[in-house]
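A.B. asks: Could you build the full structure based on these sequences and the hints that come with them?
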Amino acid sequence: KFFYEIVCQFGPPTKLITDNGSHFISELTQAVVQQCNTTHVLSE
Numbered sequence: 001k002f003f004y005e006i007v008c009q010f011g012p013p014t015k016l017i018t019d020n021g022s023h024f025i026s027e028l029t030q031a032v033v034q035q036c037n038t039t040h041v042l043s044e
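Per full-length UniProt numbering, residue 1 is the first one in the sequence shown, and the count goes up by one each step.
Hint data in this document are derived by calculation from the structure and do not stem from the laboratory. You can trust all of the hints, since none of them are fake.
Straight-line C-alpha distance at most 25 Å; calculated SDA-like pairs for lysine to any residue: (1) K15 / T39; (2) K1 / I17; (3) K1 / G21; (4) K1 / S26; (5) K15 / T29; (6) K15 / Q30; (7) K1 / V32; (8) K1 / G11; (9) K1 / Q34; (10) K1 / I25; (11) K1 / T14; (12) K1 / L28; (13) K15 / H40; (14) K1 / H23; (15) K15 / E5; (16) K15 / Y4; (17) K15 / F2; (18) K1 / E27; (19) K15 / V41; (20) K1 / N37; (21) K15 / S43; (22) K15 / L28; (23) K15 / V33; (24) K1 / T39; (25) K1 / Q30.
C.D. replies: See below:
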């Protein structure tokens, strides 16, 4: 809910920085990032 409210108010982020957790590199996450035109950066 929090993320949804932020995106609705401010728009999608231009950059998303995450760790290499499996939920962040899933096909679903990649599809959402691509659809939102967001750059996804994985931390090392």
